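Now for the letters of each chain:
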Amino acid sequence: MAIEVTDSNFDKEVLQSTLPVLVDFWAPWCGPCRAIGPIIEELSELYAGKVKICKFDVDSGSIVSAKYGIRAVPTLIFFKNGEVAHQTTGAVSKSSLKEVIDTKMLG
Amino acid sequence: MKEYDAIVIGSGPCGMTTALYLARSGVTVALIEKLSAGGLVLLTDKIENYPGFPDGVSGFDLVDKFSDQIAPYENIDRINDEVNSFSQEGKAHIVHCEENTYCAKAIVICSGAKYKKLGAKGEEEYLGRGVSYCALCDANFYKGQEVVVVGGGNAALEEALYLARVCKKVHIVHRRDEFRALAVYQKKCEEHEQIEFHKSFAVEEIKGDASGVVGVDIKSLKDGSVKHIPAPGVFIFVGYDPVISFIPKNLTHTTNGIEVDAKMQTNIAGIFAAGDVLNKLCRQIATAVGDGATAGFFAYSYLELYDEK
Numbered sequence: 027m028a029i030e031v032t033d034s035n036f037d038k039e040v041l042q043s044t045l046p047v048l049v050d051f052w053a054p055w056c057g058p059c060r061a062i063g064p065i066i067e068e069l070s071e072l073y074a075g076k077v078k079i080c081k082f083d084v085d086s087g088s089i090v091s092a093k094y095g096i097r098a099v100p101t102l103i104f105f106k107n108g109e110v111a112h113q114t115t116g117a118v119s120k121s122s123l124k125e126v127i128d129t130k131m132l133g
Numbered sequence: 361m362k363e364y365d366a367i368v369i370g371s372g373p374c375g376m377t378t379a380l381y382l383a384r385s386g387v388t389v390a391l392i393e394k395l396s397a398g399g400l401v402l403l404t405d406k407i408e409n410y411p412g413f414p415d416g417v418s419g420f421d422l423v424d425k426f427s428d429q430i431a432p433y434e435n436i437d438r439i440n441d442e443v444n445s446f447s448q449e450g451k452a453h454i455v456h457c458e459e460n461t462y463c464a465k466a467i468v469i470c471s472g473a474k475y476k477k478l479g480a481k482g483e484e485e486y487l488g489r490g491v492s493y494c495a496l497c498d499a500n501f502y503k504g505q506e507v508v509v510v511g512g513g514n515a516a517l518e519e520a521l522y523l524a525r526v527c528k529k530v531h532i533v534h535r536r537d538e539f540r541a542l543a544v545y546q547k548k549c550e551e552h553e554q555i556e557f558h559k560s561f562a563v564e565e566i567k568g569d570a571s572g573v574v575g576v577d578i579k580s581l582k583d584g585s586v587k588h589i590p591a592p593g594v595f596i597f598v599g600y601d602p603v604i605s606f607i608p609k610n611l612t613h614t615t616n617g618i619e620v621d622a623k624m625q626t627n628i629a630g631i632f633a634a635g636d637v638l639n640k641l642c643r644q645i646a647t648a649v650g651d652g653a654t655a656g657f658f659a660y661s662y663l664e665l666y667d668e669k
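So the protein sequences, as listed, match chains S and R. Going by my numbering, the first residue of the first sequence is number 27, and it counts up by one from there. Going by my numbering, the first residue of the second sequence is number 361, and it counts up by one from there.
Rather than coming from a laboratory, the hints here were simulated on the basis of the structure. Here the structure is a predicted model, which is why all the values come from computation and not from measurement. Just to be clear, a hint being listed does not mean it is correct.
A few chain S residues that face chain R, going by a derived Cβ cut-off under 10 Å, partial list only [what the hints assert, rightly or not]:
no.	residue
1	Cys56
2	Gly57
3	Gly63
4	Ile65
5	Glu68
6	Val84
7	Asp85
8	Gly95
9	Ile96
10	Ala98
11	Val99
12	Lys106
13	Ala111
14	Thr115
15	Ala117
16	Ser121
As a list, the in silico DSS-like pairs of lysine-lysine whose alpha-carbon atoms are at most 25 Å apart [said to hold, decoys possible]:
no.	chain 1	residue 1	chain 2	residue 2
17	R	Lys567	R	Lys406
18	S	Lys93	R	Lys528
19	S	Lys124	R	Lys474
20	S	Lys93	R	Lys503
21	S	Lys93	R	Lys567
Sample of chain R residues with no beta-carbon within 12 Å of chain S, all distances over it, derived [stated by the list, open to error]:
no.	residue
22	Leu402
23	Glu408
24	Cys463
Glycine included, each C-beta is placed from N, C-alpha and C at the ideal position.
Required output: the full structure, derived from the provided sequences and hints.
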C-alpha cells in the first residue's frame with residue numbers, strides 16, 4: 027500500500043527517508059489521478075523494501091504542494107536523499123514509471 | 361501465451377461496450393487497459409449529452425456504471441497491460457504487451473484519443489507548471505486568478521465555462537473569427553462576464569520563469585500585432601490525436617485515425633477498430649458507445665464464421 031503523506035509528516039516520511047521516495051501528488055476530483063491510482067499501488071508492491079511509494083492529497087494541505095510548485099495533478103516527484111531527482115505530470119504508463127525508478131532512483 | 365476468442369484494446373466507453381456485446385454472445389474476451397478504465401471521460405466534469413441521464417452525470421460515475429455492467433461476465437478477463445505491437449500467426453492475431461503476450465482470433469482496437477499538443481514555444485517546458493490539458497484536474501490551482509484557454513471547439517468552450525466558476529477571468533484565444541463549438545456553449549461563453557474572447561489570435565509563446573507560467577504572448581492573424589496576457593495558467597484544447605502508436609504499418613490509417621468500413625472492420629481480416637481512435641469527425645461518448653456495439657456485433661459475426669474461412 028502506498029503511504030499517505032501530509033504537510034505534517036512529509037519531512038519525516040519523504041525528506042528523511044533512507045530509501046528513495048516516489049510521491050504522487052493527487053486530488054480526489056482528478057480523472058488522470060484515478061487512472062494511474064492502481065499503477066501507483068502496484069509499484070508499491072513491486073518495489074517494496076527498495077523504494078517508498080507515497081501519496082499526497084493536495085486537498086489535505088498546501089505547504090508541501092506550494093514548496094514544490096505543484097500546479098497540476100497528478101504530479102509525480104521522485105526524491106533521492108531528500109532531493110528532487112525527477113518530476114513528471116499527467117497520466118503516465120507503468121513502463122515509463124518503472125524506467126525512471128530503475129534508472130534515476132535505483133541506478 | 362493466453363488465448364482468447366477476442367481481444368479488446370482500451371477500456372473507455374467504446375471498449376467496455378465492445379466487450380459487453382462480445383461477452384453476451386458467449387465468447388471469451390480479454391479487455392486490455394494500460395491505466396484504469398475510463399479514458400478521456402474521466403476528464404469530464406458533467407456529461408449532459410449522454411442519453412438516459414436527464415440531470416447529467418459525472419465522468420467518474422458514468423465510467424463506474426459501464427464498469428459495473430461488464431463486471432458479472434466471467435468470460436471477460438480484465439487485464440492491466442500496455443500494448444506494444446501486433447503480429448500474426450496464420451489467421452490468429454498476437455498482441456505483444458509490456459508484460460505478456462496474448463493471442464486471439466479477432467482484435468478490436470478501442471484505444472481512443474488523447475489531447476493534441478499546441479506546439480507552441482514554452483508548452484513542453486511549462487507542462488505541469490502552468491500548462492494543462494485538464495480543467496477539471498487543475499482549475500483549483502488557479503482560484504481567483506486569470507487563465508488562458510486555447511481552442512475553439514466544444515472542449516475548449518466547455519472547459520472555459522468550468523474554469524470561469526473558480527477563476528477571476530478566462531481569456532479564450534482562438535485562431536478564427538468563428539467557433540466550431542456548439543451554439544449552446546458559444547452563447548454561454550459570450551454571456552459570461554468573466555470570459556473574454558481573443559478571436560483571430562494565435563499563441564506566439566507561453567512565457568514563464570522559475571515559478572512556472574507567467575503569461576502568454578498572442579499574435580493577431582489579421583495585422584500581426586502581438587499582445588501579452590499576464591496569467592499563471594494556460595489550458596490547451598485544440599483537438600485530439602488518435603492513440604495508434606502500436607498498430608501495424610499496413611493497417612490503413614491517417615494521422616486522424618484508423619479507417620474502417622460500416623462493420624468497423626479494418627483492411628486486415630480479424631482486426632476491427634471503433635470509437636475515438638477512428639478517422640472520424642464526431643468524437644462523443646454516445647458515438648463511441650455506438651461504434652463499440654457495432655464492432656462487438658460484427659467481431660462476433662467474424663468469430664462465428666472463423667473456422668469456415
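To see whether the hints hold, each was checked on the structure:
1. Cys56: 4 Å, holds
2. Gly57: 3 Å, holds
3. Gly63: Holds: closest Cβ of chain R sits about 6 Å from S:Gly63, inside 10 Å.
4. Ile65: 7 Å, holds
5. Glu68: Since chain R brings a Cβ to about 8 Å from S:Glu68, closer than 10 Å, the hint holds.
6. Val84: 8 Å, holds
7. Asp85: Check passed: Cβ of S:Asp85 comes within 8 Å of chain R, closer than 10 Å.
8. Gly95: Hint holds; S:Gly95 Cβ to chain R Cβ min 6 Å, cut 10 Å.
9. Ile96: Because about 7 Å separates S:Ile96 from the closest Cβ in chain R, which is inside the 10 Å limit, the hint holds.
10. Ala98: 4 Å, holds
11. Val99: Hint holds; S:Val99 Cβ to chain R Cβ min 5 Å, cut 10 Å.
12. Lys106: 20 Å, violated
13. Ala111: Result: violated, 16 Å to nearest chain R Cβ.
14. Thr115: At about 3 Å, which falls below the 10 Å cut-off, the nearest Cβ of chain R leaves the hint on S:Thr115 intact, so it holds.
15. Ala117: Holds. Min distance 6 Å.
16. Ser121: Result: holds, 5 Å to nearest chain R Cβ.
17. R:Lys567 with R:Lys406: 32 Å, violated
18. S:Lys93 with R:Lys528: Since the Cα atoms of S:Lys93 and R:Lys528 sit roughly 24 Å apart, the hinted pair holds (cutoff 25 Å).
19. S:Lys124 with R:Lys474: 22 Å, holds
20. S:Lys93 with R:Lys503: It holds: about 18 Å lies between the C-alpha atoms, which stays within 25 Å.
21. S:Lys93 with R:Lys567: OK: S:Lys93 and R:Lys567 at ~21 Å, within 25 Å.
22. Leu402: 3 Å, violated
23. Glu408: 17 Å, holds
24. Cys463: 21 Å, holds
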